[in-house]
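Participant: Here is what each chain is made of, one letter per residue.
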Amino acid sequence: MSTIGPGNRPDVEDIELDGFVRALQQRHGYDFSGYAQASLKRRLQSVVHSGGYQNLSELTGRMLRDDALVPEIVSGLSVPVSDMFRNPSVFAALREEVFPLLASYPRINIWQAGCAHGEEVYSLAILLEEAGLYERSQIYATDFSDAALLRAQEGIFPAKEAHTYSENYLAAGGQRTLADYYHSRYERIKLDERLKRNIHFANHNLAADGVFCEAHLILCRNVLIYFNNVLQNEVLGLFRDSLVRGGFLCLGNRESLDFAPAAKAFTPINAKARVYRLAARA
Amino acid sequence: MTTYRAVVVGCSAGGVHALTTLLAGLAPKLHVPLIVVCHTGSEDVDMLREVLALKSSLPVQEARERHVPQPGTVYLAPAGYHLLVECDGCFALSVDARVCYSRPAIDVLFESAAAHYGAQLIGVVLTGANDDGALGLKAIRDHKGMAIVQLPEDAVASAMPEAALRVAGADHVVVLPDIAPLINHLCMP
Ligand SMILES: C[S@@+](CC[C@H](N)C(=O)[O-])C[C@H]1O[C@@H](n2cnc3c(N)ncnc32)[C@H](O)[C@@H]1O
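Here the protein sequences come in this chain order: A and B. Throughout the first sequence, residue numbering follows the working numbering, covering 489 to 770 in sequence. Throughout the second sequence, residue numbering follows the working numbering, covering -16 to 172 in sequence.
Treat the hints with care, as some may be off.
[As the list claims (entries may be wrong)] So, partial list: chain A residues that the calculated Cβ filter (under 7 Å) puts toward chain B:
#  : residue
1  : Ala524
2  : Ala526
3  : Ser527
4  : Ser566
5  : Val567
6  : Val569
7  : Asn710
8  : Ile713
9  : Arg742
10 : Ser744
11 : Phe747
[As the list claims (entries may be wrong)] Cβ pair distances, simulated, as ranges:
#  : chain 1 : residue 1 : chain 2 : residue 2 : range
12 : B       : His168    : A       : Gly540    : 43 to 49 Å
13 : A       : Arg550    : B       : Asp29     : 43 to 49 Å
14 : A       : His671    : B       : Ala102    : 55 to 61 Å
15 : A       : Asn693    : B       : Glu136    : 51 to 57 Å
These aren't lab readings, by the way, just hints derived from the structure by calculation. C-beta: ideal position from N, C-alpha, C; glycine also.
Construct the complete structure from the given sequences, taking the supplied hints into account.
Facilitator: Next comes the structure, spelled out in structure tokens:
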């Protein structure tokens, strides 16, 4: 047996993190073992802080005995940070390079995984509407945080974001003005209810749940960055199995597929916008 | 003597000029990676990378997630993402909320790097107009790493080095031209 000396003692925080992850998994079924640890640790620190706990061990102990804490913890670990038309050039690429090909399908299924507060899914709905494709589209917007899904369903955003969202919309090639799609009141903007008519919000955990639908386009931006190589690869496999032959996948702007064997199934069609196409199945 | 394995650098207002000076003075055979967060507010760091590469004695790249930082290379945090060092030593990115109004934030890089490299890390805080980096530098010192802060009077914007000194203190408080030689010396094989 190797001895533990002052030089090779594992960090207290790493041991606590291990214990927390195991407790959450065994007791409540949420598996965070495939998450990248450094950012998970940071988010947990802020959950510990805002909950007024002494340290992570105290939170772990409480959580083991109190189911009611779990939704709060999960929503604290989820990162529902997004923007409408975030990285406008990506939406422009979808509109110009992917939509014309989607147009050949009589019915279009789109899966947006990790939908945060809905910023991207409404962006997509608007562009589909303007391309004349929305009537035959169904968009499945999923997330593993119920709190995020509730917010997404409301379609309400702070008015101070409207300026950026409008600029993004125009940069993405929007044909009207974003104001055509929302009403503002009390420092909030509320998106047009009609945009929701073909959007279905649902809870889906990428780390645990299986194929969700048969999709022509999967949009999953800035979610896999939180996963380690193994989980990233598994989820890419899930996307591969969920896409129709020749279907499209769009990832976040800075995601690297260099260590994911499952990425071999995808060919980049616009590398800068991180848009890929599933090669025909063997 | 400690064998250092990485240098992390943070700056904002006035940072481009400061980085240019720093990178020009580094030994071309530096044995460690230099990982940089510079608040720019622009869409990407391509321009910054090109400007810095002109005078730098080391290659300058944007950090890529899941890749291991290589010795003798300068890495810039991509615009709009926090850059972290994972427990396996690879780069990781996040779009978590801004820290000190910033993403990328210096604190996020420094704290994660401190957890990974422990005492074998050098943290450098340069010119800047807010107090990002102060808590990060404190984490580095708590892990027995080395802290270098630009002399506030020498900085274009003194708030950032001042905050770092107030919160974390430093092992060396020096003027900009002395920072590269100091790093070269500390990282000699
Ligand atoms: C940073 S947001 C990305 C939002 C948006 N796609 C974008 O790029 O702007 C990450 C989202 O992924 C969700 N998420 C994290 N882990 C997940 C998992 N295992 N399954 C499903 N959603 C997850 C979080 O709840 C959060 O809403």
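Participant: Would the hint on Ser744 (chain A) stand, with a C-beta cut-off of 7 Å toward chain B?
Facilitator: Check passed: Cβ of Ser744 (chain A) comes within 5 Å of chain B, closer than 7 Å.
Participant: Does Ser527 (chain A) meet its interface restraint, that is, does its C-beta lie within less than 7 Å of any C-beta in chain B?
Facilitator: OK, holds: Ser527 (chain A) within 7 Å of chain B, min 4 Å.
Participant: For the hint on Ala524 (chain A), does the least C-beta distance to chain B fall short of 7 Å?
Facilitator: This hint holds: Ala524 (chain A) lies near chain B, its Cβ roughly 5 Å from the closest one there, short of 7 Å.
Participant: Is the hint on Val567 (chain A) kept, meaning its closest Cβ partner in chain B is under 7 Å away?
Facilitator: Because about 5 Å separates Val567 (chain A) from the closest Cβ in chain B, which is inside the 7 Å limit, the hint holds.
Participant: For the restraint on Phe747 (chain A), tell me whether the closest CB of chain B is nearer than 7 Å.
Facilitator: Interface hint status for Phe747 (chain A): holds (5 Å vs cutoff 7 Å).
Participant: I want to verify a distance hint. Is the separation of the beta carbons of Asn693 (chain A) and Glu136 (chain B) within 51 to 57 Å?
Facilitator: 53 Å, holds
Participant: Please check whether Ser566 (chain A) passes as an interface residue: C-beta within 7 Å of a C-beta belonging to chain B.
Facilitator: Status violated, d = 10 Å.
Participant: Is 55 to 61 Å respected by the C-beta to C-beta distance linking His671 (chain A) and Ala102 (chain B)?
Facilitator: Distance hint for His671 (chain A), Ala102 (chain B) holds at roughly 57 Å.
Participant: Does Val569 (chain A) meet its interface restraint, that is, does its C-beta lie within less than 7 Å of any C-beta in chain B?
Facilitator: 5 Å, holds
Participant: Holds or violated: is there a CB of chain B closer than 7 Å to the CB of Ile713 (chain A)?
Facilitator: 5 Å, holds
Participant: Have a go at the Ala526 (chain A) hint: is there a Cβ in chain B nearer than 7 Å to its own Cβ?
Facilitator: Holds, about 4 Å.
Participant: The hint says 43 to 49 Å between Arg550 (chain A) and Asp29 (chain B); measuring C-beta to C-beta, is that right?
Facilitator: 47 Å, holds
In summary, the structure is inconsistent with hint 4 from the numbered list given earlier, while agreeing with all the others.
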